[in-house]
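Peer 1: Per mature numbering (1 follows the signal peptide of the UniProt record, and there is no 0): the sequence shown = residues -38 to -1, 1 to 533.
Please keep in mind that the hints were generated in silico from the structure rather than gathered at the bench.
Every residue, glycine too, gets a C-beta built ideally from N, C-alpha and C.
You may find that some hints are simply not true.
[Claimed, not checked] No farther apart than 27 Å at their CA atoms in a straight line, the calculated lysine-lysine pairs in the DSS-like style are these: (1) Lys426 with Lys353; (2) Lys44 with Lys257; (3) Lys11 with Lys97; (4) Lys353 with Lys522; (5) Lys522 with Lys308; (6) Lys97 with Lys24; (7) Lys257 with Lys238; (8) Lys169 with Lys97; (9) Lys24 with Lys11; (10) Lys353 with Lys367; (11) Lys367 with Lys426; (12) Lys44 with Lys169; (13) Lys44 with Lys244; (14) Lys522 with Lys511.
[To be verified] Estimated spans, in silico, between C-beta atoms of each pair: (15) Val263 with Glu9: 41 to 51 Å; (16) Arg269 with Gly422: 18 to 28 Å; (17) Pro463 with Glu231: 51 to 61 Å; (18) Pro301 with Pro371: 41 to 51 Å; (19) Glu154 with Glu243: 12 to 22 Å; (20) Thr71 with Pro421: 18 to 28 Å; (21) Gly22 with Pro51: 22 to 32 Å; (22) Lys522 with Arg269: 26 to 36 Å.
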Amino acid sequence: MTFTRGFHPDSINRRQFLTQASAALLATSALAKAAAQAVDTAPSTVEVKTVYGRLRGMQGNKLTTFRGIPYAGSVSGANRFKAAPPLSPWEGVRDAVQLGAPSLQPGRTSRGNEPAPSEECLFLNVWTPAADGRKRPVMFYSHGGGFTTGSGGASYQDGGNLARTWDVVVVATNHRLGLMGYLYLGDLGGVEYTGNQGVTDIRDGLKWVHDNIAAFGGDPNNVMIFGESGGGGKTSALYAMPSAAPYFNKASIESGPGIRIYPRDSAAETTLMVLKQLGIEKADWRKLLDVPAEKLVEVQVELGKQRSGPLTQGGGSKGMTGNPVPGGFGPVLDGVILPNHPFDPKAPDISRSKPLIVGYNHDEMNFFFAQSRSTDIYEMDDAALRARLEKDLGENAGPVLEAYKMSRPEASPADLYVAITTARFAGIGERTIAERKFAQHGAPVYMYVFRHESDRLIPGTQHKMGAAHAAEIAYKFNNVQPRPANAATPQAGSPMGDTSPSSVQAAHNMSEFWSTFARTGHPSAKGQPAWPAYNDKARPTMMIDAECKVINDPDPLERKVWDRIDAVTKT
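Construct the complete structure from the given sequences, taking the supplied hints into account.
Peer 2: And the structure:
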């Protein structure tokens, strides 16, 4: 069973939409930053010593930044599709003031301060209050974009405000994506070709942090990994990866519940599809090492067009929990790097002692429907809603619709459809992770729903964007800043946030929750309710907003109908 047609969470439009939607917010925030910098010290250079050599960064406005730091060796030529070799040391001082190249990906060229994508993309960025040898918590972020697009240098996830406000060190990496990051060749080339080079890149970034972050004012023994959407899937994989385990202490999985990953047979079938597209025989698979990288990206795009649906995960009602189908790219159950599915049938034993945050946004799917201009969804009547659900859910459509109508008696057909598809996209999966983590009776797990709504209208409709997918990114990075008194009134909201007092407060709350979790393993924010750990009785869930609140077992009728469907499909 597949997701609603007409959108794809991993498409390049996600990146374009985020960039365009956040432009007004970022421009207004830039005025605030410029005003602050005018009364602060002028930027100057600063140097640190790493195990590979000296780096030169920039400092000013109570923030020190290092950009475009290489963290592993070359991944082109003979190293293509393998784990990266170690980084070679350098002589002298290397500038770390410009962003590094993002991974090759469909449709992307240079943008803003970011260079054009490249096969050589293993760079990271560090934001720190000061490179002073203090032991601050480290917050290590994996960007979204599925496993196919994005970068660690996107402006809306800039780590400066988070670092400066809460006295933490923030790190974000670029890493291999798509076919370059997840083509499985293990059946043809052996254990060097596990199909998990994208997540071993991130692991190598974590190892770099472990070996070097003390020089940047961070504590290598207090590292939180977190990520949104595809970054949540990457974080799920890292949480279950034995070779990554020594390098982090806690995690947050946001709007991207990676419960299952590609089985080897599915990944191997994708490899055969790639070879067929290129006219290469299995016995000649090494010719892949000589194919121009841009051609491989074209093949990735073509395979995406051939898949049976836009979110072709399989797995029945719980859309994100099933086995991904051939033709796509993501972490592989290779038995070496990833010996088990991250959260199926249980939470990974290897991270039993590591606290976890999981959650999603209340109106995730509005983002994708807006992205794909699926305005007909917001004009549905009851009959059209039922027809869509029967296409999506088959015989389960009736029970699901009945439960949601009872749970939300005032909701329109469009609101019901957004709620049901949001549950299938992320809500059910995030709760499943929370329940399986709790069942370990190890470190605590904390559940949230991001509820702060944007008043921006979905283009072509009178329907508000609400708390859509990716909306929380600017909030957890505290990049929703008050506008200067002399600034023009901003547009009333955007998917990335606005500059209203309530949005600024919501950003303050969320970024404080995340930074205190990074510091102590327990999320808290001054003036907000205590956030209790999740359990399978009360099911306490933090609603994140300008005024946060804890609700026990939110939407129980909805939870129970999905549980009943899941129980039937397992018999």
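Peer 1: When the hints from earlier in the document are held up against this structure, which numbers fail?
Peer 2: none
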